[in-house]
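Note that the protein sequences, when read in sequence, are chains A and B.
Here our numbering is used: position 27 in the first sequence is 16, and no number is missing along the way.
Here our numbering is used: position 36 in the second sequence is 25, and no number is missing along the way.
Hint data in this document are derived by calculation from the structure and do not stem from the laboratory.
Some hints could be false.
The list treats identical chains as interchangeable, and a pair is accepted whether it falls inside one copy or across any two copies.
[To be verified] With a straight-line cut-off of 25 Å between C-alpha atoms, the simulated BS3-like cross-links for lysine-lysine are: (1) Lys109 with Lys91; (2) Lys286 with Lys41; (3) Lys91 with Lys80; (4) Lys156 with Lys182; (5) Lys16 with Lys166; (6) Lys166 with Lys182.
Protein chains: 2
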Amino acid sequence: MNLTILGCYAATPRSLTNPTAQVLEMKNRMFLIDCGEGTQVQLRKNKLRFSKINHIFISHLHGDHFYGLIGLVSTFALLNRQNDLHVYGPKGIKEVTLLQLKLSNSYTGYNLYFHELESKESQVVFEDDKVVVTTIPLIHRVYTNGYLFTEKPDDRKLNIEAVQKYKIETCYYQKIKSGSDITLDDGRTIPNKELTFDPPAPKSYAFCSDTVYNEAIVPIINNVDVLYHESTFLESEAHLCERTMHATARQAAAIAKQANAGKLILGHFSTRYGNIELFKEEAATVFENTELADDGKVFKL
Amino acid sequence: MNLTILGCYAATPRSLTNPTAQVLEMKNRMFLIDCGEGTQVQLRKNKLRFSKINHIFISHLHGDHFYGLIGLVSTFALLNRQNDLHVYGPKGIKEVTLLQLKLSNSYTGYNLYFHELESKESQVVFEDDKVVVTTIPLIHRVYTNGYLFTEKPDDRKLNIEAVQKYKIETCYYQKIKSGSDITLDDGRTIPNKELTFDPPAPKSYAFCSDTVYNEAIVPIINNVDVLYHESTFLESEAHLCERTMHATARQAAAIAKQANAGKLILGHFSTRYGNIELFKEEAATVFENTELADDGKVFKL
Chain A
-10 MNLTILGCYA ATPRSLTNPT AQVLEMKNRM FLIDCGEGTQ VQLRKNKLRF SKINHIFISH
50 LHGDHFYGLI GLVSTFALLN RQNDLHVYGP KGIKEVTLLQ LKLSNSYTGY NLYFHELESK
110 ESQVVFEDDK VVVTTIPLIH RVYTNGYLFT EKPDDRKLNI EAVQKYKIET CYYQKIKSGS
170 DITLDDGRTI PNKELTFDPP APKSYAFCSD TVYNEAIVPI INNVDVLYHE STFLESEAHL
230 CERTMHATAR QAAAIAKQAN AGKLILGHFS TRYGNIELFK EEAATVFENT ELADDGKVFK
290 L
Chain B
-10 MNLTILGCYA ATPRSLTNPT AQVLEMKNRM FLIDCGEGTQ VQLRKNKLRF SKINHIFISH
50 LHGDHFYGLI GLVSTFALLN RQNDLHVYGP KGIKEVTLLQ LKLSNSYTGY NLYFHELESK
110 ESQVVFEDDK VVVTTIPLIH RVYTNGYLFT EKPDDRKLNI EAVQKYKIET CYYQKIKSGS
170 DITLDDGRTI PNKELTFDPP APKSYAFCSD TVYNEAIVPI INNVDVLYHE STFLESEAHL
230 CERTMHATAR QAAAIAKQAN AGKLILGHFS TRYGNIELFK EEAATVFENT ELADDGKVFK
290 L
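In isolation and in its complexed conformation, chain A is listed as follows (with noise of 0.2 Å):
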């Protein structure tokens, strides 16, 4: 699972700093999340490829979050691109995408679809035999979903030494990874854990962006292994808080600790701030397990 920021800075694209977008490499599928003005550059300088995208999460409609979808989805278009697109997110997405293209007379030669979303309770927008994802709805001053992406469990690792100690057939090793017990010839019933090893432990990840202090979230990401959740904030800030609707960094680590997330990772800063450290200092009076989101910074998961 590889986490690539392209993009954390709130409000604005400035010489130096990119709106919200990020993508997201789980079980080799690659999800893009959020889609400020530039992702499309963003994409190319970071050498991530274009057309592994199928997927694209938008979090809400503000502009700082989905101003670069009609120029991604132009681009796809130039490029030739064949294979189907998707796109999530809040009612109306659908209509001025294609208003867009349809000004510009310059149709995709690729399926798009768009799967609008109105809901407010979590559900599940995208699943397929390897991924699963949820909505987390975040409360802002437009309708906000944020995005938990789980892994389906792997099969069993087969036990070599064991399968070939009783003789088994290869013909049995899926149904013995699937978890199943078996039979022998003679009668003998073998547990199927003693011909297998465990999986490692699938894998989650939590985007909250953009959000105000909201406990209700907890149960929804409860235990997840990496939480990025958006701070705009520095507590000196905190009375910003309410009329922008976001949270700072000791709120995202109160949430963090809440959820018992293995890990934070803190972004959407407000570009007052000269010194972006000060969120992790904050954070991990809360939270000790933070990092900080930059442009171009990769995470490995």
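Let chain A serve as the given structure and place chain B on it in line with the hints.
Just chain B now, kept in the frame of chain A:
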């Protein structure tokens, strides 16, 4: 008159090249021409003052010429802009911009005026006491206009020695600068040319992108001081012009020559070419005073 190229490459933004946008400074006004994705960052990188832009001219609604508009409009709002902003461009630009603002629930605190264009004839779209802007109908895959920016003539320059010699009172100076002769108290009439010098010749700048080779624009831009003309291709790829409705460097030079332009600036280069000097070499065989646009380049004209 200064021209700053923010971006001059065709199709999609890339790591090192930007789509079309440029700033023309004329008579202390700052006009933004086209606004591809990332224009607001290019404005910052080139240290141009956002707040001085009151008029934005969009040639056509292909993404590489206007996907940066909504981001700039939004950023103006976040920066608490107060001045009116005028946007000139093809019909549809208002609907798509307002839809994006509506979806993000972030209307502008300043007045935002759209001047939507539909005419296929050249027309005046902006005029104040110093500058006139006229459309240049172009031929491309969608409805497209270039723009001709023309300075109005300055007042004539007062010949201080002459007016003092005739003891002309200062209250007549503005009348003299406007071109009038003066009758002295003794009945003598002094012709204006004895009391003034010629002002600097008014300058003009024509922006022509995107377009096929189109001689119909020559009368509109006749004798222009500086012509920016697209040259997406070299002659070696001239066969692509018909389908894509673009021009070659040699064709751009042919237009400059017929229009008796003072200088030709080439831009909108396809990124298939490693060396843009080839464009200059090709054009110079037809029109010698040719220069190349490049991102970040400033022409002091």
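Structure-based check of all given hints:
no.: 1; hint: Lys109 with Lys91; verdict: between (31 Å within a copy, 20 Å between copies)
no.: 2; hint: Lys286 with Lys41; verdict: within (19 Å within a copy, 35 Å between copies)
no.: 3; hint: Lys91 with Lys80; verdict: both (19 Å within a copy, 12 Å between copies)
no.: 4; hint: Lys156 with Lys182; verdict: within (17 Å within a copy, 113 Å between copies)
no.: 5; hint: Lys16 with Lys166; verdict: within (18 Å within a copy, 77 Å between copies)
no.: 6; hint: Lys166 with Lys182; verdict: within (10 Å within a copy, 101 Å between copies)
The structure agrees with every numbered hint stated previously.
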